[in-house]
Amino acid sequence: MTTSTDRPDPEATTLALSRDGRPVSDRGDTVCVIGAGASGLAAMKNLKEHGFGVDCYERETGVGGAWNWRHDRSPVYASTHLISSRPFTQFPDFPMPDSWPDYPHHSQLLAYFERYADHFDLRSHIWFGTEVIRVEPVEGDGWDVTTRSTGGYGPERTSRYAAVVVANGHNWSPKLPGYPGLEEFRGEVMHASSYKDPAQLRGKRVLVVGAGNTGCDIAVEAAQQASHCWHSTRRGYWYAPKYVLGRPADQVNDTLLALRVPLRMRQWLYHSTLRLTVGDLTRFGLPAPDHRVYETHPIANSQLVYHVGHGAITPVPEVAGFNPYGVQLTDGRQIEPELVVFATGYLPRFDFLDPKVLGDDSGTGRPNLWLNAFAPGHPTLAVVGLLQPDSGLFPLAHWQAVLFARLLQARRSRPDRAAAFAATAQARAGERYSGPVKESTRHWFEVGHVDYLRAVQRALDSLEGK
Amino acid sequence: MSSVRVIRGSEWARPVRPVRREVLSNTPELEEGRSPLLFVPGFGHGAWAFAEHWLGHAVSRGFPAHAVSLRGHGGSEAAPKASLRAYVHDVVQVAAGLPRQAVLVGHGAGALVVAHALARYPARAAVLVSPVFGGWGTLGTALRRNPAGTLPAAFGGRLRLSRAQLFSRELPDSEARRYVSTLGRASRRAQWQLLTRPELEPPVGDPPVLVLGSPDDRVVPAAALSRVARRYGSAPLLFPGMGHDLMLDARWREPIDALLDWLEKEPAAH
Numbered sequence: 001m002t003t004s005t006d007r008p009d010p011e012a013t014t015l016a017l018s019r020d021g022r023p024v025s026d027r028g029d030t031v032c033v034i035g036a037g038a039s040g041l042a043a044m045k046n047l048k049e050h051g052f053g054v055d056c057y058e059r060e061t062g063v064g065g066a067w068n069w070r071h072d073r074s075p076v077y078a079s080t081h082l083i084s085s086r087p088f089t090q091f092p093d094f095p096m097p098d099s100w101p102d103y104p105h106h107s108q109l110l111a112y113f114e115r116y117a118d119h120f121d122l123r124s125h126i127w128f129g130t131e132v133i134r135v136e137p138v139e140g141d142g143w144d145v146t147t148r149s150t151g152g153y154g155p156e157r158t159s160r161y162a163a164v165v166v167a168n169g170h171n172w173s174p175k176l177p178g179y180p181g182l183e184e185f186r187g188e189v190m191h192a193s194s195y196k197d198p199a200q201l202r203g204k205r206v207l208v209v210g211a212g213n214t215g216c217d218i219a220v221e222a223a224q225q226a227s228h229c230w231h232s233t234r235r236g237y238w239y240a241p242k243y244v245l246g247r248p249a250d251q252v253n254d255t256l257l258a259l260r261v262p263l264r265m266r267q268w269l270y271h272s273t274l275r276l277t278v279g280d281l282t283r284f285g286l287p288a289p290d291h292r293v294y295e296t297h298p299i300a301n302s303q304l305v306y307h308v309g310h311g312a313i314t315p316v317p318e319v320a321g322f323n324p325y326g327v328q329l330t331d332g333r334q335i336e337p338e339l340v341v342f343a344t345g346y347l348p349r350f351d352f353l354d355p356k357v358l359g360d361d362s363g364t365g366r367p368n369l370w371l372n373a374f375a376p377g378h379p380t381l382a383v384v385g386l387l388q389p390d391s392g393l394f395p396l397a398h399w400q401a402v403l404f405a406r407l408l409q410a411r412r413s414r415p416d417r418a419a420a421f422a423a424t425a426q427a428r429a430g431e432r433y434s435g436p437v438k439e440s441t442r443h444w445f446e447v448g449h450v451d452y453l454r455a456v457q458r459a460l461d462s463l464e465g466k
Numbered sequence: 001m002s003s004v005r006v007i008r009g010s011e012w013a014r015p016v017r018p019v020r021r022e023v024l025s026n027t028p029e030l031e032e033g034r035s036p037l038l039f040v041p042g043f044g045h046g047a048w049a050f051a052e053h054w055l056g057h058a059v060s061r062g063f064p065a066h067a068v069s070l071r072g073h074g075g076s077e078a079a080p081k082a083s084l085r086a087y088v089h090d091v092v093q094v095a096a097g098l099p100r101q102a103v104l105v106g107h108g109a110g111a112l113v114v115a116h117a118l119a120r121y122p123a124r125a126a127v128l129v130s131p132v133f134g135g136w137g138t139l140g141t142a143l144r145r146n147p148a149g150t151l152p153a154a155f156g157g158r159l160r161l162s163r164a165q166l167f168s169r170e171l172p173d174s175e176a177r178r179y180v181s182t183l184g185r186a187s188r189r190a191q192w193q194l195l196t197r198p199e200l201e202p203p204v205g206d207p208p209v210l211v212l213g214s215p216d217d218r219v220v221p222a223a224a225l226s227r228v229a230r231r232y233g234s235a236p237l238l239f240p241g242m243g244h245d246l247m248l249d250a251r252w253r254e255p256i257d258a259l260l261d262w263l264e265k266e267p268a269a270h
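Heads up: the protein sequence lines correspond to chains X and W, in order.
In terms of the UniProt record's numbering, the first sequence has 47 at position 47, counting the first letter as 1, and numbering is strictly consecutive.
In terms of the UniProt record's numbering, the second sequence has 75 at position 75, counting the first letter as 1, and numbering is strictly consecutive.
Bound-form chain X, shown alone:
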């Protein structure tokens, strides 16, 4: 059992100077992992397993990233539960205890990641309280990674790595839409990222904007706690229950996927199941969906329609603008909430990287990658976990990490295959792994889990020469 810490020696020999002439400690073949959340942990564990040394930098003081409610960037609220059931959420080689519920609570998920880190002895590789401020490519496909203490204290340090895994998460930088008159609004305004506890809603007139899974969860809590709840959505959605036919809905869906039932057929089955169970949503004043199911990110919420049926949630259309005491809706109505919660999502941010490295030449913030992970022209860089699957994220992040580890192995043992891989990354950057989806920043990283994993399987097979 390794008990030694594989951290870089603070007095490491300085073999080179960085671009601006500061000393760089050379970490040899070690791989740098940015972030110790779910994706970063999976990357570390799989790189270690494939024989690589790893250094991980984590700005917080614990593992778990977004799922650690103690972290100031964590978006979880007290009642957050998974929306994909256990078999789709756990790492494929480290199952969650089967005594846990189908849809575990976020605190259980944190416990799971902490156990994962301990089980595979990952903590000794993590520099906690250290943030990455710059990642620059250097000659020979290496990377100079500059770090300092979180919050900007202490000196900067630059280390040279053979490869970098970016796993900094994409659900922490709030996306706030601009509305005319929002500055003059006298009520309280918050983004869902700062929503933690239903006590924040108690007794207030609340408007929840956004029909993502978070928006629906907050609307349901507002229905029980607030004096009134309006729920504003851009369009009609399919509100999928968490259980259908007596089983977790995603397990039923994957039964069909395993049988290779075509998309159209699955959509038809889904629509008819929803019609039979949930019924016609327009009766409640909800708009009819303008798209087929599987064309937007799925919403798994059994309770929203229930509370609409109780009259505790009033569905309203999009917000047109604000005035000091009220909110103007696009249908001309005016409502007067005291608290507006924007559950309008998050945008990815890679402050430490030149956007061009990730193929974002126009500066829109949208990386252009193959398999949502591999940057054309940078064979030793991988982004792990930058996905919005219609299922659990962690198995996908696991396989991304395995693929990257095998790619790094192939660079030593089979350079021809690694070169072929790089050529594919160049040619196929920007490929999508889902059916047609609504164009929106929310669906930038939308993937169908089976389509995506099939693509990863093909990439793994081609690396192994199959």
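For the record, the hints were derived by calculation from the structure and aren't laboratory data.
Treat the hints loosely; a few may be bogus.
Anything over 10 Å on all C-beta distances counts as not near chain W; from chain X, calculated [said to hold, decoys possible]: (1) S99; (2) P155; (3) L453.
Sample of chain X residues facing chain W (criterion: CB under 7 Å; computed from the structure) [what the hints assert, rightly or not]: (4) F88; (5) D93; (6) L257; (7) W399; (8) S462; (9) K466.
If you're wondering where the values come from, they're calculated on a predicted model, not measured in any experiment.
Each residue gets a CB set at the ideal place from its N, CA and C atoms; glycine is no exception.
Position chain W against the provided structure of chain X, taking the given hints into account.
Same frame as chain X, now just chain W:
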């Protein structure tokens, strides 16, 4: 062996039903940071088979040791319809619940369960003790050695292993009788799967694998031992004169000491 498998749609869609599992644990008073051992008994045996001698001995040499009873065996919940996959699930669940990466030690058909579990859990190392990897040859050997006890099993009945199959003559008769009377049975489905041999996937994380056995084992012929060892790129370590149940036979100390010595020397197993 086939390549790594990413998509397991039918497994995701149909998770294994959880059951109450018996796990007997014995941990050293002083935590020395060694990898825990997880013993997996074969068909008919329960965790008790390892609790008898090996758990205590492993602990006396500083290894935390645990033994699980597969569902339907020992003190675990009854599971008359359990499949091989359910047994593998039991092993992976217990292994993932241990504080560190575990060394999986499977005996008999439990070695096959471990071999399947290696594809689903990155074990630190694996030890296959008198491995029964199944197939029709296994049935043939058993029919020859013990026709009356085996024939019903070929038709879904209970497999009755005899004293002569499991132990050497050195083991006192009273003890042998006590062990044989404690034996249970595997599910009918798992017995069939042992014969039809579902394909083995490659282990994840490339763990070192050691094969132990006896040339005088009346369940596993020496040729079968070598075949299993060759699959993992090694040769079996042999203990002549012992029966199939190395952990219960009179000279149980030799194989467990060899196993622990190997773990201490194997660099990847630390």
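May I ask you to test the interface hint for D93 of chain X with respect to chain W, counting a Cβ-Cβ separation under 7 Å as satisfied?
Since chain W brings a Cβ to about 5 Å from D93 of chain X, closer than 7 Å, the hint holds.
Was the hint right that W399 of chain X lines chain W, CB cutoff 7 Å?
6 Å, holds
Supplied contact hint for L257 of chain X, tested at 7 Å Cβ to chain W
5 Å, holds
Interface exclusion of S99 of chain X relative to chain W, criterion Cβ beyond 10 Å
6 Å, violated
Status of the hint placing K466 of chain X at chain W (closest C-beta pair under 7 Å):
Result: holds, 6 Å to nearest chain W Cβ.
Would the non-interface assignment of L453 of chain X survive a Cβ cutoff of 10 Å against chain W?
5 Å, violated
No chain W beta carbon within 10 Å of P155 of chain X's
34 Å, holds
Holds or violated: the hint that S462 of chain X contacts chain W, with Cβ atoms closer than 7 Å.
The hint is violated - S462 of chain X has no Cβ within 7 Å of chain W, the shortest such distance being about 11 Å.
Does F88 of chain X pass the interface check with chain W, least Cβ-Cβ distance below 7 Å?
6 Å, holds
Hint check: violations occur at hints 1, 3, 8; the rest are consistent with the structure.
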